[in-house]
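Student: Once you've looked at the hints, go ahead and assemble the two chains, each given alone in its own frame, into the complex.
Just so you know, the sequences run in chain order A and B. The first sequence begins at 4 in the numbering used here and counts up by one. The second sequence begins at 318 in the numbering used here and counts up by one.
Honestly, I wouldn't trust all of these hints.
In silico lysine to any residue, SDA-like type, Cα no more than 25 Å apart, as pairs [unchecked claim]:
(1) Lys358(B) / Glu380(B)
(2) Lys358(B) / Ser332(B)
(3) Lys5(A) / Glu422(B)
(4) Lys45(A) / Glu112(A)
(5) Lys45(A) / Asp405(B)
(6) Lys337(B) / Ser406(B)
(7) Lys5(A) / Gln108(A)
(8) Lys5(A) / Phe408(B)
(9) Lys100(A) / Thr27(A)
(10) Lys383(B) / Ser371(B)
(11) Lys100(A) / Arg4(A)
(12) Lys337(B) / Thr374(B)
(13) Lys100(A) / Asn25(A)
(14) Lys100(A) / Ser322(B)
(15) Lys100(A) / Val320(B)
(16) Lys100(A) / Tyr375(B)
(17) Lys358(B) / Leu83(A)
(18) Lys358(B) / Thr27(A)
(19) Lys358(B) / Leu50(A)
(20) Lys45(A) / Ser322(B)
(21) Lys381(B) / Ser406(B)
(22) Lys100(A) / Thr392(B)
(23) Lys372(B) / Asn94(A)
(24) Lys48(A) / Trp327(B)
(25) Lys358(B) / Gly12(A)
(26) Lys337(B) / Thr392(B)
(27) Lys82(A) / Gly61(A)
(28) Lys48(A) / Thr392(B)
(29) Lys100(A) / Lys381(B)
(30) Lys337(B) / Pro403(B)
(31) Lys45(A) / Thr105(A)
(32) Lys358(B) / Tyr73(A)
(33) Lys372(B) / Leu393(B)
(34) Lys100(A) / Val379(B)
(35) Lys45(A) / Gln359(B)
(36) Lys100(A) / Leu393(B)
Simulated restraints, written as ranges between beta carbons of each label pair [stated by the list, open to error]:
(37) Glu339(B) / Leu49(A): 18 to 24 Å
(38) Ala319(B) / Arg44(A): 20 to 26 Å
(39) Phe356(B) / Ser56(A): 32 to 38 Å
Calculated directly from the structure, the hints in this document are not laboratory data. From the three backbone atoms N, C-alpha and C, an ideal C-beta is built for every residue, glycine too.
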Amino acid sequence: RKEVEQDPGPFNVPEGATVAFNCTYSNSASQSFFWYRQDCRKEPKLLMSVYSSGNEDGRFTAQLNRASQYISLLIRDSKLSDSATYLCVVNRGGGNKLTFGTGTQLKVEL
Amino acid sequence: GAVVSQHPSWVICKSGTSVKIECRSLDFQATTMFWYRQFPKQSLMLMATSNEGSKATYEQGVEKDKFLINHASLTLSTLTVTSAHPEDSSFYICSASASGGYYNEQFFGPGTRLTVL
Chain A
4 RKEVEQDPGP FNVPEGATVA FNCTYSNSAS QSFFWYRQDC RKEPKLLMSV YSSGNEDGRF
64 TAQLNRASQY ISLLIRDSKL SDSATYLCVV NRGGGNKLTF GTGTQLKVEL
Chain B
318 GAVVSQHPSW VICKSGTSVK IECRSLDFQA TTMFWYRQFP KQSLMLMATS NEGSKATYEQ
378 GVEKDKFLIN HASLTLSTLT VTSAHPEDSS FYICSASASG GYYNEQFFGP GTRLTVL
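Bound-form chain B, shown alone (with noise of 0.2 Å):
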């Protein structure tokens, strides 16, 4: 099956420090990739979506210019949170999907467990 992996899987940093995630499509090539957050005991919320080589969009609310997202190649992506708070402390998930077309399956990342103090 497709295998997504995410490295750190965890972080520890102080505020005000930038942290960068890296999001792996491992045996597929990955033409969209996903970025969502979930807050303890809340559902996932999607953060931003990115299509290789193109800008990423991003969900009302969230902060292009705090998450940074780079999707330079069809196997990878990373989330750089900018200036990070305690506020943004979260669990923060990747999905890569085959093809930006009318659906396809997301496979998920393992998770970066954020924690800023």
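Next comes chain A alone, as it looks inside the complex (with noise of 0.2 Å):
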């Protein structure tokens, strides 16, 4: 089983739409969680945290439930610019080392 499993997608939807994209984690030990966002050939960059209480930045929201190991991220009101890979990462069991899962791709469609 891999340590971050992500559905790699494509998710097709039109500008506008609400699009979730769902991760899961198999260490239980992993203390930090983030959403990074991948383009074509580029770097990732950093989205946003995860925390367990939820939290939201514009039209990002993410969700963490410990409990089931399972991460989601939630995009409102798609924008063109949206589209890209999107990674799940979580930090191995506390400490600074990151595993990445293979992304799961959104392209926003007008």
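Tutor: As structure tokens, this is what we get:
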């Protein structure tokens, strides 16, 4: 089983749609959780950290369920510029090493 | 914000040659630097972690004699792919963290695309 699993997609959605991505992780000792965005042939960029209480940043909402070892990202009112691959990332059992999921590709269309 | 640069951004080389990739933190001191590799349609895989002034720690399955890492200063780490072969062709990305402690944000470089002919 992969340490971090994501549906690879692609998710093709019209502009303005709401889309949700899910992620599961296997290491119950993980303490920090993130969503990164990666554009084609570019480095990943931090989108947001994910907290147990859930957190929101503009159109983006992240949720964490530690009991189920499940992380989600909700994007509301999708923009064309949201088209990218979204990476679910967890740190390994505490510490400073990150494990990346393979990413979920989002394509927002007119 | 924290900026990390990588050089070169892309390189094409012949099989058997060695390639050096530099990773620099431009506006902060990076106690820890990380080297990742990403094959097409795959996730970033951590290759090694390096702390300034000490030997790098390699992940399982990564050959330390093939991927030489030097972290000689708080702003520079280098990855040398020795005797590169076509299967080493990949996107190599470094990241830098200001502290080696519990967790500090990693700032990623723009990556180096290596193609070995």
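Student: Now tell me if each hint is right for this structure.
Tutor: Against the structure, the hints:
no.: 1; hint: Lys358(B) / Glu380(B); verdict: holds (23 Å)
no.: 2; hint: Lys358(B) / Ser332(B); verdict: holds (24 Å)
no.: 3; hint: Lys5(A) / Glu422(B); verdict: holds (23 Å)
no.: 4; hint: Lys45(A) / Glu112(A); verdict: holds (21 Å)
no.: 5; hint: Lys45(A) / Asp405(B); verdict: holds (19 Å)
no.: 6; hint: Lys337(B) / Ser406(B); verdict: holds (13 Å)
no.: 7; hint: Lys5(A) / Gln108(A); verdict: holds (18 Å)
no.: 8; hint: Lys5(A) / Phe408(B); verdict: holds (21 Å)
no.: 9; hint: Lys100(A) / Thr27(A); verdict: holds (18 Å)
no.: 10; hint: Lys383(B) / Ser371(B); verdict: holds (18 Å)
no.: 11; hint: Lys100(A) / Arg4(A); verdict: holds (19 Å)
no.: 12; hint: Lys337(B) / Thr374(B); verdict: holds (18 Å)
no.: 13; hint: Lys100(A) / Asn25(A); verdict: holds (21 Å)
no.: 14; hint: Lys100(A) / Ser322(B); verdict: holds (20 Å)
no.: 15; hint: Lys100(A) / Val320(B); verdict: holds (19 Å)
no.: 16; hint: Lys100(A) / Tyr375(B); verdict: holds (12 Å)
no.: 17; hint: Lys358(B) / Leu83(A); verdict: holds (21 Å)
no.: 18; hint: Lys358(B) / Thr27(A); verdict: holds (19 Å)
no.: 19; hint: Lys358(B) / Leu50(A); verdict: holds (20 Å)
no.: 20; hint: Lys45(A) / Ser322(B); verdict: holds (13 Å)
no.: 21; hint: Lys381(B) / Ser406(B); verdict: holds (17 Å)
no.: 22; hint: Lys100(A) / Thr392(B); verdict: holds (19 Å)
no.: 23; hint: Lys372(B) / Asn94(A); verdict: holds (22 Å)
no.: 24; hint: Lys48(A) / Trp327(B); verdict: holds (19 Å)
no.: 25; hint: Lys358(B) / Gly12(A); verdict: holds (11 Å)
no.: 26; hint: Lys337(B) / Thr392(B); verdict: holds (16 Å)
no.: 27; hint: Lys82(A) / Gly61(A); verdict: holds (13 Å)
no.: 28; hint: Lys48(A) / Thr392(B); verdict: holds (20 Å)
no.: 29; hint: Lys100(A) / Lys381(B); verdict: holds (18 Å)
no.: 30; hint: Lys337(B) / Pro403(B); verdict: holds (16 Å)
no.: 31; hint: Lys45(A) / Thr105(A); verdict: holds (15 Å)
no.: 32; hint: Lys358(B) / Tyr73(A); verdict: holds (22 Å)
no.: 33; hint: Lys372(B) / Leu393(B); verdict: holds (14 Å)
no.: 34; hint: Lys100(A) / Val379(B); verdict: holds (15 Å)
no.: 35; hint: Lys45(A) / Gln359(B); verdict: holds (14 Å)
no.: 36; hint: Lys100(A) / Leu393(B); verdict: holds (19 Å)
no.: 37; hint: Glu339(B) / Leu49(A): 18 to 24 Å; verdict: holds (23 Å)
no.: 38; hint: Ala319(B) / Arg44(A): 20 to 26 Å; verdict: holds (22 Å)
no.: 39; hint: Phe356(B) / Ser56(A): 32 to 38 Å; verdict: holds (36 Å)
Consistency note: the structure conflicts with none of the earlier hints.
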